[in-house]
Every structure is written in structure tokens, then in C-alpha cells.
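K.L.:
Single-letter residue listing:
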Amino acid sequence: MKLVVENLTCRRGLRTIFKDLSFKVEGGHGLLLTGANGSGKTTLLRMLAGFLEASGGKVHLEGGDEELELAEQCHYVGHHNGIKHSFTALENLQFLSDYLGGDNFEGAIDTFGLRGLEDIPAAIMSAGQKRRLGLSRLVLVERPIWFLDEPSVSLDVQSVEILAGVVSRHIKNGGIAIAATHVPLGLDFADELVMGKSQQG
Amino acid sequence: MAFREGGAIGTALGFYLIVVSILSIGIGPDLAILSKIAPGVLWGTLLLSALLSVDRIFHNDYEDGTLEVIALGPLPLELVAVAKATAHWISTAIPLVLMAPVLGMFLNLPAHGFWVLVVSMLAGTPAVSFLGAVGAGLTLGLGRGGQLLSLLILPLYIPVLIFGISTMDAVLVGPGSFSTSFAILAALSLATVVLTPFAAAAALRMNLQ
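Top line first, the protein sequences correspond to chains A and B. Our numbering puts the first sequence at residues 153 to 353. Our numbering puts the second sequence at residues 950 to 1158.
Only chain A is shown next, with the shape it has when bound in the complex (with noise of 0.2 Å):
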């Protein structure tokens, strides 16, 4: 399984965000994004995941499931965690269990630590631990790709070592994993993009 960008170049109205990136990411290896603000890690992830249109070149994956789409293979972990906050976390399981097909809910629930949460409303969790309940769809359902856009962001220092663990588990599974951040994640990365300077993979 291989991630093929080709001569990507994202332009928003007249500004051209970047261009010309061309990258390859084979199964179990990690792409680590960094840059300053603004520098367009989220659009790059948010175009990976098939949300924005590339102004150019194009994304492919070679060796995935032909039968799915690449947004059906991958995870996106964005700025909102993706939960539903009158529901507790179990229901918010149950939901995207239900929805996008995984069942690993003893996984999940252990590995991010939400144990005794599970029927809680996400209403009244901690930024963190709503956090970590966003995070555990990444073990609850099964998908070859993960994109993560400042995944650790409100995690304690023990969350961001789980995150870590998992995240390299992925990838040593043979995931893809690209994330972006600005805090150093405790992760390997064999790979770093610098968003924003001399752009090459």
C-alpha cells in the first residue's frame, strides 16, 4: 500500500497556499507535517481526506481496497472531535460503530483510558477527555490510513503517550499515519515535511 501525491497545489481565491507537493508514503511509515501557522498543514490534510478539491495534481492510493473510495479508507482527526456531546460516550461509540462498520469497542475504550466514562454524557467531559473520546475511533474502527491534524491538542502528557503507542502500533501494523503538529509528539516519524519552505517528500 503506497499514498501518491502528485504536483498537489491547493490556491484559495489568489492565494496559493502550496504547490507543486509531491510526496509518497508507503504502508508503515509515517509522515510527520510541520510548518508555522498558516502554513497550510490542515488544508494539506483536509485535501488528503478528500474534503477540498486540489486546484492540481492529484492524490492516489496504490494497493488500498479498489472497491472503496480513498475517504472511506482513512481516518481524519480534526480541530472537532467528531462527537456528539448529548450522547455518553458509549452512545457516541455505538453511533459511529453503527455508522462506519467497526467493532473494537472493548479496544477503544480501554486504550484511551474512558473506562467508567462510558455512560457519561459527552456534555460534561473535559476537553481532554472528550478529546480521547474522539481519538478512540481510530481503534474502534479499522482503517488503513490516518490523517491527524494536531491530534494531541488539550491531551495530558500520559493521553499523548497512549496516542503515541497507538500511533505507532498503526504503523508498525503497516498504516499509514500522517499527522501534523507543532508539539513533538514523542512519535518516530521516519519522515518530516516542512510545510511552507523547500517543499519535497
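Don't read these hints as lab results, they were simulated from the structure. These figures come from a predicted structure and were not determined experimentally. Check before you lean on any hint, since a few could be wrong.
[What the hints assert, rightly or not] Computed spacing ranges between beta-carbons, pair by pair:
(1) Gly165(A) / Leu1144(B): 26 to 34 Å
(2) Gly317(A) / Leu1144(B): 48 to 56 Å
(3) Glu344(A) / Pro1108(B): 52 to 60 Å
(4) Arg1154(B) / Asp262(A): 32 to 40 Å
(5) Gly975(B) / Glu224(A): 53 to 61 Å
(6) Gly975(B) / Gly280(A): 50 to 58 Å
[Stated by the list, open to error] Going by beta-carbon spacing under 7 Å, a handful of chain A positions derived as facing chain B:
(7) Phe175
(8) Leu204
(9) Tyr228
(10) His232
(11) Phe257
Positions of the beta carbon are idealized from the N, C-alpha and C atoms, including for glycine.
With chain A's structure known, arrange chain B on it following the hints.
P.N.:
Only chain B this time, still in chain A's reference frame:
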């Protein structure tokens, strides 16, 4: 797909009750006038009440990021729009329609008008929910989308209003044929149910950018 947060239903029902009461109090106790304007008041206020809640169709999902998760799932956004609009119809439009006959009593609506009120509203309100979904999708990214939403969507509700009223007039005052107006009203609803999900999904895609 019945994952929804409460909230807007109570507001819409309360608004419907209050506006109809205010109008009937304001117009005074002349029963002849009241029963004459009843269909128009009931229909017009129903549209306004429904409008209060349509901006909620996608708003919460957009705010908390669930829409992003849904967009990466197996359902195309067109079907998501159908599901959300249907959920709005069931959760908000139907309660409003069921409340209409009660409010009809305030307005001295003739007894034989009650069934046609409910039937015509049931036939017309899917158009209200589905058109509303397009407007809700379009105004998602705007902070105070509500006002713009009314400007965008209310004009589109006019055909529904016209044929809703003419369905009722055909029965209450005549002349005119109930079945003709009713058929057009139902056709309006069916056409919007088929066509608007594409527009709503396009609007959602635009807002996810």
C-alpha cells in the same frame, strides 16, 4: 440515522402556538373574519415556525465535527441529506402539523376543514423540510446564518403556501377542486424530495472545504 439533539422542536411548537394566539387575539372575536383567515394564518405561521428549526438540520453536526466523520463514512452526502431532512420532517414538521387543528379551534376553523388542514399539511411539509435542508447547508459556515436562511428559503415556500391554501379553499369555500390542488401540492413535495438532496449535498461539500 435518528441521531439528533433535542432543542428546536419545543421552540418551533411554542412559536406556532404564540403567533397564532397573538393573531387571533389581535384580530378580535369576530368569528366570521377569524374563520375566513384561518387557513392563511395556520399555513403561514406553520412555515415560519418550521423555518425557525431548519437551520439546526446540519448545524450541530457541523459544529462538533460529526459531519466530517459522516463524510468519510460509507453513505454519500446526498443520502445523508435525505436522512437529515426526513429526521427534521418527522421530529418537527409532524408535531407542528398535529398541533395545527388545535390552533384551528382558536380561529374558528369550520369543522369540515380540520381533516383537509392536516392532510394538506402532511402533503406539503416534506417540501418545507427538504428545501430547508438546502438553505441550512448553504448557510452552515456563516455565524448568524439564520437571517440569511429566511431570505433564501421563504420565497421558495410560496408555492407550497399557495397550493396548501387553495387545497383548503376548495373544500371550505369552493369553487375549485380539492384533488387538483392537492395533487400539485403533493407533486411539489415529491419533486423537492427527489431534487433537493443533490443541492444540499453540494452545499455541504462546499462548506466542508
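K.L.:
Would you mind marking each hint as holding or not holding in the structure?
P.N.:
Hints, verified against the model:
The hinted range of 26 to 34 Å is satisfied by Gly165(A) and Leu1144(B), whose Cβ atoms lie roughly 30 Å apart. The hint said 48 to 56 Å for the Cβ distance between Gly317(A) and Leu1144(B), and at roughly 49 Å that hint holds. For Glu344(A) and Pro1108(B), the hinted distance range of 52 to 60 Å is satisfied, since their beta carbons lie about 58 Å from each other. Against the hinted window of 32 to 40 Å, the Cβ-Cβ separation of Arg1154(B) and Asp262(A) comes to about 36 Å, which satisfies the hint.
In this structure, Gly975(B) and Glu224(A) meet the distance hint of 53 to 61 Å, their C-beta atoms being roughly 56 Å apart. The hint said 50 to 58 Å for the Cβ distance between Gly975(B) and Gly280(A), and at roughly 53 Å that hint holds. Given the 7 Å rule on beta carbons, the hint for Phe175(A) is violated: about 22 Å separates it from the nearest Cβ of chain B. A distance limit of 7 Å between C-beta atoms decides the matter here; for Leu204(A) the minimum to chain B is near 5 Å, and the interface restraint holds.
Annotation: interface hint on Tyr228(A) holds; nearest CB of chain B at approximately 6 Å, less than 7 Å. Look at His232(A): its Cβ gets to within about 3 Å of chain B, closer than 7 Å, so that hint holds up. With 7 Å as the threshold, the beta carbon of Phe257(A) stays out of range of chain B, its nearest partner Cβ sitting at about 17 Å, so the hint is violated.
Consistency note: the structure conflicts with the earlier hints numbered 7 and 11.
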